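Participant: Below, each chain spelled out in residue letters.
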Amino acid sequence: MHPAYSVILFTTATGAGYGLLALLGLMALAGMAPPGLWPGLFGLGLALVLITGGLLSSAGHLGRPERAWRAFSQWRSSWLSREGISAVATFVPAGLFGLGWLLTGRAEGWVALAGALAALGAVVTVCCTAMIYASLTPIAQWRSRFTLPGYLLYAAMSGLTLLNALLAASGDGGSVLAGAAAALTLAGWAWKRASWRHDDTAGLPATVNSATGLPGGRVLSIEWPHSEENYLLKEMGYRVARKHRDRLRLIAQFLGFLAPAVLLVLAALTPAGAVTVGASLLAALCQLAGLLVERWLFFAEARHTVMLYYGR
Amino acid sequence: MTCFPASTDKSLGLVIDLDTCVGCQACVTSCKEWNTGGHMAPLTDVKPYGGGVDGVWFNRVHTFEHITQEGGRTVHFPRSCLHCAEPACVTVCPTGASYKRASDGIVLVDEEKCIGCKLCSWACPYGAREFDVEIGVMKKCTLCVDRIYNEHIPPEDRVPACVSACPTGARHFGDLGDPASPISRLVEERGGVPLMPELGYEPTNRYLPPRARSERAPTVAAAPLEDAAPEGGFLGWVDRMLSR
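Protein chains in written order, with full-length UniProt numbering: chain A, 1 to 312; chain B, 1 to 244.
Heads up, a few of these hints could be off.
[Stated by the list, open to error] Restraint ranges, calculated between C-beta atoms of paired labels, are given here:
| # | chain 1 | residue 1 | chain 2 | residue 2 | range |
| --- | --- | --- | --- | --- | --- |
| 1 | B | Cys3 | A | Gly109 | 39 to 47 Å |
| 2 | B | Cys3 | A | Ala274 | 24 to 32 Å |
| 3 | A | Ala194 | B | Pro42 | 45 to 53 Å |
| 4 | A | Thr201 | B | Gly52 | 31 to 39 Å |
| 5 | B | Pro155 | A | Tyr310 | 36 to 44 Å |
| 6 | A | Thr201 | B | Arg73 | 26 to 34 Å |
| 7 | B | Pro48 | A | Ala194 | 45 to 53 Å |
| 8 | B | Gln69 | A | Arg193 | 41 to 49 Å |
| 9 | A | Gly95 | B | Lys47 | 26 to 34 Å |
| 10 | A | Tyr310 | B | Pro42 | 20 to 28 Å |
| 11 | A | Pro35 | B | Gly52 | 32 to 40 Å |
To be clear, the hints were calculated from the coordinates, so they are not data collected in a lab. Source: prediction; values computed, not measured. The beta-carbon is built from N, C-alpha and C at its ideal position, and this holds for glycine as well.
Extracted from the complex, chain B is given alone in its bound form:
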């Protein structure tokens, strides 16, 4: 049944630090690279080398300008499935293809059961699901379920591909259902927030807002560059000679 579990043993999810994300797209490409051969494979691309490029991605990085009284700030914003505790994408599914695991809270799609009605993508306010037009089924982030429990790879690699790829350490993975877990303490410490909490989906993932502006940055500008105008002196003479 696509009724989701009332509670899950763990609530695995991501915490994304909007302060340190530099929008390099490393998480996007590593996600695509891993998952196009993983649990939801393939992540089909349509016309990848021509005009009208389209394709399935589980993770997309937007860039926003946040303008407040203190000034403007560029914020890079990775967007992927939040593995909600109240996932409407699961309950609307007519076939049972969409489900939430009672063991760790990961929301998955059973590709063998999906009829491609797209209703789950309408029910998701976050745009986490993307339809694969070639295969005719819906696809979504698996939280790299085929990595995090994978005993064939070294223990330090058993995290989602996006987390291991992030060069600035802006992505964290762990059990958000355990208040004592390092990731939960990080959320506590930095005031992590859920997205669109007013809609009642109870997302698991949290976003750490950018830190307050620091006064440590230099307030005196660097000395200006020396005047390069070639009217006089040696350079001026060279300029006049060469201009003849």
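The following block holds chain A by itself, in its conformation from the complex:
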């Protein structure tokens, strides 16, 4: 599948944003919200910027973005519609959470409740995003049991790494938080490797025989209907990533999981100071860059059944 930059940016940025939002909301509910105003509110602001930027970026790949409002109408059947509604609805408790925190000065009572609702909205939205892909029958790499937990795990992982960086920078961090972020990063790495193992053997959910109705034997494509690339080949027949697959997987694993895990362990083991702050910030930036490569591969490596007709 063609890896559109807008969709890669959208899924990665909203994933991290919703992860951060959900963690802040849950911390408020548990009475563990960051004590100072600035790390908490700055974190909430960062989460909302990531989410809003991601959503605007996703509108960028629409053919007619001015009609995007129509996408809220088909929630009964479409995961994309559900995602849109859930994303917009989540802004309400998230806004109240931020406003209440700012005005009352603490994340307690109804403010914490708004935070919890925002966390719920964040989880639902990430689930909807994942289900857009996980419900597409023609693509075996997406319609797999790895897709939905993967999206949730990478959102929680990148959100926690960001939260750790923020709290480390404000002096509210700690070994426990950095250690948890390292553990979640390692869990994400294991899940990604398991997903790739599944994807490599998944193949296509149909055969060229069933695609053409010609039973038995071999069916070879000897002539295409067109001499130049068409929409189907551009959108569904993308091949660059498959060519560089192994190298890109190494880059994604190093930037997204290995390097952040090492940096987070370093942050957890060193006493609060410049090293902790630097390692935590670097871990967050590094992980987001790695997730962009991971998401690029998620699209570029996905194989669509229509390519059976083109012998690719």
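Using the hints, position chain B against chain A.
Facilitator: Frame of chain A; chain B shown alone:
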């Protein structure tokens, strides 16, 4: 709502005979000609006269080599929307632009509602939908909805443009939901098959597989052409004279 109807009054669709299709592309061009002025018009072409030609087509003819124990066979294979009974292209649509008609089962796109998110084209395993980069909306086969009910054209022309253009009669149109219809009987008789049935889209269109090889073809080759080597005889003399 983009939930599709549980059942349709009719199931209009095409039956394509892979035995008689000669891959002449007449259905492709007549489809383009009709539909670029029809319901989903225009079928935009990008750079039609230079390198990097691209454009929207509802019908594309592939050519395959089918190699079995009996030998190889060239099969021309027209590919277009199958007007599925379980169309995921309809259910994934976030705006309601993609819909399946309860009256005749035709799957259509309302161009006024389409936001061009392309998700329907990802959901279609058959590659039936093509994005129009100029207009910014998705386009697809309409089964010539503006021909088949058109009272301004003679009744015999009220079939999809691809069907009326086919010079070998390889394309048939009718109600596949009615087991007594001529087209359903044809499918029954020839063992017509749905494409990728394992994916559960319940396509309406059927493809008639090539017939078994016949023994009626001549087994003795024609007599070889006479030897044209100009070494002797009259031609040889002419050759020698002219070669001087």
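Participant: If a hint holds in the structure, say so; if it doesn't, say that too.
Facilitator: Hint check:
no.	hint	in the structure
1	B/Cys3 x A/Gly109: 39 to 47 Å	holds, 42 Å
2	B/Cys3 x A/Ala274: 24 to 32 Å	violated, 58 Å
3	A/Ala194 x B/Pro42: 45 to 53 Å	holds, 48 Å
4	A/Thr201 x B/Gly52: 31 to 39 Å	holds, 36 Å
5	B/Pro155 x A/Tyr310: 36 to 44 Å	holds, 39 Å
6	A/Thr201 x B/Arg73: 26 to 34 Å	holds, 32 Å
7	B/Pro48 x A/Ala194: 45 to 53 Å	holds, 48 Å
8	B/Gln69 x A/Arg193: 41 to 49 Å	holds, 42 Å
9	A/Gly95 x B/Lys47: 26 to 34 Å	violated, 47 Å
10	A/Tyr310 x B/Pro42: 20 to 28 Å	holds, 26 Å
11	A/Pro35 x B/Gly52: 32 to 40 Å	violated, 60 Å
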